[in-house]
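Novice: From first to last, the protein sequence lines are chains D and L. In terms of the working numbering, the first sequence has 47 at position 47, counting the first letter as 1, and numbering is strictly consecutive. In terms of the working numbering, the second sequence has 98 at position 98, counting the first letter as 1, and numbering is strictly consecutive.
Honestly, I wouldn't trust all of these hints.
To be verified - Result set (DMTMM-like, lysine to aspartate or glutamate): computed pairs, CA atoms no more than 20 Å apart in a straight line:
#1 L:Lys142 x L:Glu101
#2 L:Lys84 x D:Glu132
#3 L:Lys112 x D:Glu294
#4 L:Lys108 x D:Asp205
#5 L:Lys112 x L:Asp129
#6 L:Lys112 x D:Glu132
Said to hold, decoys possible - Reference listing, derived: stretches of chain L covered by chain D, where coverage requires no fewer than 3 residues with Cβ under 8 Å from a Cβ of chain D:
#7 47 to 57
#8 124 to 133
Since the hints were derived computationally from the structure, they do not count as laboratory data. Just so we're clear, the structure is a prediction, and the values are computed from it rather than from any experiment. Even glycine gets a Cβ: it sits at the ideal position worked out from N, Cα and C.
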Amino acid sequence: MQRNMIALTILTLIILPIASASLVGDLWSEFTGQATSEEVGLKINVTGGNAPTVEILEGTITDVSAGLNEAPSLTTVSLAVKITDQEGLGNINDSTIWAVFTKSGEETRSISCIRDNPKDTEYSKTFNCNVEMFWWDSPGTWRINASAADINNNYAENTSITFNVGATAGFTAYPEEIIWAAINPGATDETAINWLVLNNTGNIDRALQVNATNLLGETDNTKILLANDFSIDINAGCAGTGMSHLAYTPIAGANLPRGDFRLNDLSTGQEELFFCLNRVGQDITEQTYSTNQEGSWTVKIA
Amino acid sequence: MKNKIKFIFGIFLLVALMGNITAFGVSSPYWTGNPLNIDRGETMIVELNLQNMVGDDDVNVEAKLVSGSEYAKLKETQFLVKQKTSNTFAPLTIKIPRNVEPGIHKIKVEFKSIADDTGGMINVGTGMDVSFDVNISENFAKREINYILIGGIVLTILIIILIIFLTKRKKKKRK
Chain D
1 MQRNMIALTI
11 LTLIILPIAS
21 ASLVGDLWSE
31 FTGQATSEEV
41 GLKINVTGGN
51 APTVEILEGT
61 ITDVSAGLNE
71 APSLTTVSLA
81 VKITDQEGLG
91 NINDSTIWAV
101 FTKSGEETRS
111 ISCIRDNPKD
121 TEYSKTFNCN
131 VEMFWWDSPG
141 TWRINASAAD
151 INNNYAENTS
161 ITFNVGATAG
171 FTAYPEEIIW
181 AAINPGATDE
191 TAINWLVLNN
201 TGNIDRALQV
211 NATNLLGETD
221 NTKILLANDF
231 SIDINAGCAG
241 TGMSHLAYTP
251 IAGANLPRGD
261 FRLNDLSTGQ
271 EELFFCLNRV
281 GQDITEQTYS
291 TNQEGSWTVK
301 IA
Chain L
1 MKNKIKFIFG
11 IFLLVALMGN
21 ITAFGVSSPY
31 WTGNPLNIDR
41 GETMIVELNL
51 QNMVGDDDVN
61 VEAKLVSGSE
71 YAKLKETQFL
81 VKQKTSNTFA
91 PLTIKIPRNV
101 EPGIHKIKVE
111 FKSIADDTGG
121 MINVGTGMDV
131 SFDVNISENF
141 AKREINYILI
151 GGIVLTILII
161 ILIIFLTKRK
171 KKKRK
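Go ahead and model the full structure; you've got the sequences and the hints to work with.
Specialist: Next comes the structure, spelled out in C-alpha cells:
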C-alpha cells in the first residue's frame, strides 16, 4: 500500500508539470482554436485623484448678440469659470485655465484666464476670461470651450455653452472726392485721376451700390455732366457699370468681403472702385463742375 | 485751352487724395439668414446700434425704412453719431397685428451719412442697408394684463361707492 502511494506521488510529480506547461494547452488550442495565453500590456498612471470640474458661469458672459464693434476696435467678450477640485483648491493648476471660442470656418479666439482670488472657496477657484474678438468674426452661434487641469495633469473641459454674435455693417472709404484733371468738350472715356479704396469694418460680406447725381456747373448750372455718362468698375478703365441718376446701381463684380483689411492687399476686407466719365457733351463750357448742387454720390453696402 | 474745363488744381488735389470719407457702422441682432421669430399680436423693439469707431469726426446719419413699413416703424430718423462711440441706438418697433397671415416678411432700413460739401468734383458719402426677415408664426401672443388699468378702475369704483354712501348718509342725518 505504501509502495503504491509512493509510486503514485512520483507519477503525479512527473506528469503535472508537463500537462500544465504544454500538453493540455496544446490540446486545448488544437481542439478549440483559442489561445491558451496572450500578452497583455498594462499602463498604469498614478495620479493625485480626480480631475477638476469646469463650470462656465452663464450670467457672466458679455452679450454681443447685437453685434461686435466695428473696426478698428476689438470686442472683449468676458466670462467667468469656476473650477472645483475634490482634493481642494490647492490642487488646481492656475496656469492651465483657458477659454476658447470656436465656430466652424472661423479663426479660433482664446485667452488664458486670470484667477479672481476673493471668490475662492475650500474646493474651488473662479477665473475671469477676457477673450478678444475681431470685427470680421462672423455672426451666429459660437461655442465656448473652457478647460482646466490639476497639478497632477488631470484634465477637464466644458463645451456645453454657446453664445450669439450679431451682425455689424460698416465700411470706410478714401479719398473723400473723386476728381478728373482736365477734360475737353466732346471727350470720351476719361478716367478719374484717383479711385476709391473701401475697407470692410463689419463682419458680413457685402455687395456695393452707388447712387449718382448730376454734376452741375458751379458758374452756369445749365451746363451739366450727366450722372448717366459716368461708369464705375472694379478695374481701372472705362468698361464698368453705367450709373443712373438718383438711383442705386449695383456695381458689377464689386464685393467687399469681411476680413483684416490692415493687410492692405486690396483683397482681404477691401475693394477698389474706379470712376470713368464716358461721355462729355460738346456744349460744355470752361468752369468747375461738382455735386454741390444735386448732392454727393453715395456708396452703399447692401 | 479756351474750351478746356479745369476742375481741380495744386494743393486741393493733394488734400483730396489724403482725406477719408467719414464712415460709420450699424450692428443688428438680426440679419439675412438669422430672422426675427415673432408671434401674431406681439410687439418687439429691435435696437439697431450705430457706431463711429473709425473716424475722428462726428457723423450725421439719416435712417429710412425701405421695406416692411406695414409692421415696422423707426422712432427717429436723424442721428448724431459721435466719434469713437458705439452706443447710439436706433430703435425699430416691430408690431405684428393679430389678424395677419403667418409667413416671412422683409424689413430693410437704409442708413446714410449726410456728407459735408468738401468742394470736390464728386463728393462721396457712405450708406448701408440693414435688412432681416421677420418670421411671423401661427401662434398668438398672450395678451398682457394691464394691472395698473384694472387697479385704477377698481379704485375709481370704490371711490364712487364711497361718495354715494357718504352723500346718502349726510341726507339721512339732515332728515
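Novice: A separate judgement is required for each hint: does it hold in the structure or not?
Specialist: Now the hints, each set against the structure:
Taking the CA atoms of Lys142 (chain L) and Glu101 (chain L), the gap is near 17 Å; set against the 20 Å cutoff, the hint holds. Note on Lys84 (chain L) and Glu132 (chain D): the hinted pairing holds, with a Cα-Cα distance of about 18 Å set against a maximum of 20 Å. Simply put, Lys112 (chain L) and Glu294 (chain D) have alpha-carbon atoms about 16 Å apart, close enough for the 20 Å limit, and the pair holds. For a cut-off of 20 Å, the pair hint linking Lys108 (chain L) to Asp205 (chain D) stands: about 17 Å separates their Cα positions.
With a C-alpha separation of about 9 Å, the suggested pair Lys112 (chain L) and Asp129 (chain L) falls inside the 20 Å cut-off, and the hint holds. Taken as a hint, the Lys112 (chain L) and Glu132 (chain D) pair is broken in the structure, with Cα atoms around 29 Å apart against an allowance of 20 Å. Counting residues of the region 47 to 57 of chain L whose beta carbon lies closer than 8 Å to any beta carbon of chain D gives 6, which reaches the threshold of three, so the coverage claim holds. Coverage of the region 124 to 133 of chain L by chain D holds in this model, with 7 residues showing a Cβ closer than 8 Å to a Cβ of that chain against a need of three.
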